[in-house]
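Student: The listed protein sequences correspond, in order, to chains H and F.
The numbering used here puts the first sequence at residues 1 to 658.
The numbering used here puts the second sequence at residues 1 to 92.
None of these hints come from the bench; they were simulated from the model.
C-beta atoms are modelled at their ideal positions from N, C-alpha and C, and glycine is treated no differently.
One thing to keep in mind: the hints can contain errors.
Unchecked claim - Among chain H residues calculated to face chain F with C-beta under 10 Å, some are:
1) G87
2) A197
3) D199
4) A208
5) L255
6) P257
7) L367
8) A370
Said to hold, decoys possible - Only pairs whose alpha carbons sit at most 30 Å apart, straight line, appear in this in silico DSBU-like list of lysine-lysine:
9) H/K350 x H/K414
10) F/K20 x H/K350
11) H/K356 x H/K289
12) H/K289 x H/K414
13) H/K33 x F/K20
14) H/K190 x H/K369
Stated by the list, open to error - Sample of chain H residues lacking proximity to chain F, with all beta carbon distances greater than 10 Å (derived):
15) S30
16) L121
17) E178
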Amino acid sequence: MSSRPQDWSPVGLDEDPTPGEPETVDALSSELKSVAEWMWRRAMAWTDVLNRVGEPNWSGLAAEVFRERLQAVIDAAHTASTRHSEGADATWAWVVAMCDTQAAADAALQQAKHAQEDLALAEASVGMLTAEHAALLNAVTAAQKAHSNVPAGSDLIARRQQEQKALAELAAAKRLVEDAQQRLDDARTKARTAKDAYDTAARVFINALQATLHGAIAHATAPELSTFTSTMGTLTGVKAGVDIESEFMNLLTQLTPEQVRKLLAEDPDLVQQFWDNPPDPEAVASWWKTLPDAVREAWCQDAPQIIGNLPGLDADTRIHANAIQFQRDLNDPTIDPDSPRGKVLRDILKALNVAKIYGPGLDYEALAKANIPPRGLLDYNLRHDPPLAAVAIGETSAERSGKVTWMIPGMANKLGDKDSTLTGWTNGAINLYNEQQQMEDGPHMVVAWIGYDPPALLPDTSVFAGDRARAGAARLSQELDGQYAADRILGGNPHPFTSVVGHSYGTVVAANAAALLHHDLQSVVFVASAGIERHIPDASFLNVEGGPQHVYTTESSKDGVAGLGRLGSARADPRDSSFGGRVYSSEGDLAHHLEPTDGHDATGSGSDNGDVLHPHATSGHGYFDQGTEAVHNTAAAATGIDGQINGGAGRPWMGTDR
Amino acid sequence: MARKVTADTDQLRDSAAALKNANVERADAGVDAAGLGSRVAVSAFEEFHHYWMPARSALTGSVDALAGVLRSTAEVQEQRDAKSADDFFWGF
């Protein structure tokens with residue numbers, strides 16, 4: 001243990017300018033380093049456990065929640081280790097600075113002490129020599145008066161010499177005083193410099209320590225740990241399924257809504273897992289059918305992100321649950337309005353046609369439903385990257401006694417890039433719905449679905465690859481089978497009617513989904529197809545009631561883009577004879593007041609003419625623009641009313657063109 | 001997409017023990033922070049200590065809870081397996 005000097009008055013200071021015990025600080029640094037290493041070793045040991053409790057040793061929902069929690073603890077241990085290591089480094093830098101500045105201060109103090117001693121001696125010498133010189137000078141003066149009329153004698157000369165010698169000694173003594181004073185001043189300056197360096201190093205140390213104060217795991221209170229243990233106990237008690245989908249079903253049937261709410265708070269990723277691996281839609285519909293209204297409402301309130309996106313549930317339920325979550329997100333101050341999520345929130349408000357109405361207490365579900373036609377949020381997954389959503393247009397009673405059409409968009413429809421993507425696709429769906437309503441009595445429901453991650457525009461080449469379509473089809477097929485279950489089991493509809501309409505790359509998604517289904521669709525429509533993948537060689541591979549005769553396709557002769565999609569991907573044109581679908585016109589028929597489509601867009605804008613360099617459709621001449629032959633015929637094809645298809649739907653290669 | 005649900009109870013118990021073994025608290029060296037010198041430096045170190053000590057005990061508490069979950073999961077799983085075997089034996 002070092003002992004610091006107590007008296008710092010020689011350097012003009014009241015206290016030690018560089019206090020501290022380097023040995024102690026060194027020990028603190030070592031202690032922090034030791035804690036950092038201990039924490040790291042613990043994290044490594046826990047990581048080993050994490051690997052051991054992974055598949056195949058332990059799988060299922062409880063295993064996933066457990067691993068999420070353990071991973072969070074390991075991450076926190078790594079963070080704590082890193083921060084302690086940074087603290088150790090800062091403390092070590094501080095001990096080095098402390099040693100340096102203490103050495104400088106101590107040296108200055110020693111120098112000051114020596115200078116003070118020298119100064120005292122020199123000043124005493126000056127005093128003595130001054131008196132001596134004065135006496136000698138007086139003696140010389142007296143001798144000069146005594147011999148004023150005669151030449152100076154040897155006595156006077158001797159006295160004068162003594163006086164001069166004393167004067168020289170006095171001058172030397174004064175120089176010693178000056179020198180000692182200068183050394184004293186220098187020592188005091190050095191002491192102040194050492195103090196300044198010490199204070200600067202202290203600030204660096206303090207700032208470095210304060211920079212480590214982040215990333216600590218929140219202290220889990222006893223009740224919180226108890227809740228986690230209880231939640232895990234509940235999850236472990238959930239009967240194991242043969243796969244994750246059936247285990248999710250067991251979770252729904254065996255846990256209370258409140259337990260699931262706590263589970264989601266513990267593991268928010270479960271929402272996405274439910275989206276990716278939804279339980280069997282028929283099991284979902286059968287379960288839901290047994291629940292009293294109050295329990296259903298509890299599910300919607302406690303787990304809206306699951307219920308709102310659960311295939312097999314009816315549209316009214318899903319729209320209600322999604323409205324609850326949507327309202328919560330609108331009031332969530334952590335969502336940046338300029339972020340993709342913020343843009344999607346605005347996009348949804350516009351798509352539901354409630355954007356101009358704002359207020360914290362508004363019931364957006366009721367407001368959207370009051371539109372003509374009514375609207376509702378059928379899919380809502382804001383936390384996915386990119387966000388995913390779907391708007392249902394029309395009468396949800398179509399599930400019980402009408403026709404439901406799902407519309408799948410193509411490239412450049414990724415949600416979150418701008419705040420009008422879902423709105424634009426919804427507008428096209430409204431036009432299709434209106435056409436259907438004019439053709440036959442409803443009820444009809446059209447779903448503007450953006451439940452997948454569509455490719456971007458060229459030069460991005462992902463439109464030529466099939467992976468996004470396959471991922472989208474996996475979810476869409478669950479939605480379509482879910483539609484069947486909701487109609488049949490919850491709606492009591494003995495003959496559900498569901499069609500799917502794909503546009504551009506959306507036809508790739510739609511075809512893949514139609515090939516995966518457990519229940520037949522009643523109609524599949526490919527509009528401006530970017531190609532059908534080769535593993536679906538013809539229309540008979542699609543699960544469509546009645547087979548290829550209910551597979552329709554169209555493409556305007558002025559569409560210069562769809563063919564590029566097929567060319568770049570080597571996917572097949574569904575209009576080819578080998579595919580076997582039925583072709584209808586999008587060319588327009590002015591005699592019947594039906595406008596042509598003159599580009600690739602779903603809804604046209606501007607003045608492009610549809611060629612490769614100007615690929616957009618002009619205003620009012622997209623495939624789903626009101627008044628076009630394309631939207632009219634697509635509405636007819638999607639509802640299976642062949643007689644309403646202008647010019648008919650034929651197989652041109654068989655001589656049945658129009 | 002479909003994933004089989006499994007649980008190796010021996011492995012879960014071993015893992016619980018491993019978690020527990022690695023979760024032994026570490027005794028502090030008991031170094032006096034007063035030796036840090038200036039009051040502001042001492043104060044900064046005390047702030048560091050007060051921030052990280054609860055985090056260290058939170059980790060310990062969390063890992064204890066996780067070890068407990070592994071043990072109880074193994075027990076529940078074995079009870080369930082035993083009941084399934086019993087049901088099978090009695091022809092349910």
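Student: Determine for every hint whether it applies to the structure shown.
Tutor: Structure-based check of each hint:
Of the supplied interface hints, the one on H/G87 holds, with its beta-carbon coming within about 6 Å of a beta-carbon of chain F, less than 10 Å. Given hint, H/A197 at the interface with chain F, is violated; its Cβ is 13 Å from that chain's nearest Cβ, farther than 10 Å. The closest approach between the C-beta of H/D199 and any C-beta of chain F is roughly 8 Å, which is under the 10 Å cut-off, so the hint is satisfied. Hint status for H/A208 relative to chain F: holds, with the closest Cβ pair at about 9 Å, below 10 Å.
The restraint placing H/L255 at the interface with chain F is violated, with a minimum CB-CB distance near 15 Å, outside the 10 Å limit. Restraint check, H/P257 versus chain F: the minimum CB separation of about 23 Å is more than 10 Å; hint violated. With a cut of 10 Å, the hint placing H/L367 at the interface with chain F is violated, because the nearest CB-to-CB distance is about 37 Å. The beta carbon of H/A370 is not positioned within 10 Å of any beta carbon in chain F (closest approach about 39 Å), and the interface hint is therefore violated.
Between H/K350 and H/K414 the alpha-carbon distance is near 16 Å, which keeps this suggested pair within the 30 Å criterion. Taking the CA atoms of F/K20 and H/K350, the gap is about 54 Å. The hint is violated against a cut of 30 Å. Of the supplied pair hints, the one linking H/K356 and H/K289 is violated, its CA atoms being roughly 37 Å apart against a limit of 30 Å. This hinted pair does not check out: H/K289 and H/K414 have alpha carbons roughly 35 Å apart, beyond 30 Å.
The hinted pair formed by H/K33 and F/K20 meets the criterion: a straight-line CA distance of about 23 Å does not exceed 30 Å. The suggested pairing of H/K190 with H/K369 is violated, with an alpha-carbon distance near 81 Å, which exceeds 30 Å. Consistency note on H/S30: stated as away from chain F, yet its beta-carbon is not over 10 Å from all of that chain's, at 8 Å minimum. Non-interface status of H/L121 relative to chain F is upheld: no Cβ of that chain comes within 10 Å, the nearest being about 36 Å off.
At the 10 Å boundary, the C-beta of H/E178 stays outside the reach of chain F, the nearest C-beta of that chain being 36 Å off.
Violated hints, in rising order: 2, 5, 6, 7, 8, 10, 11, 12, 14, 15; the structure is consistent with all others.
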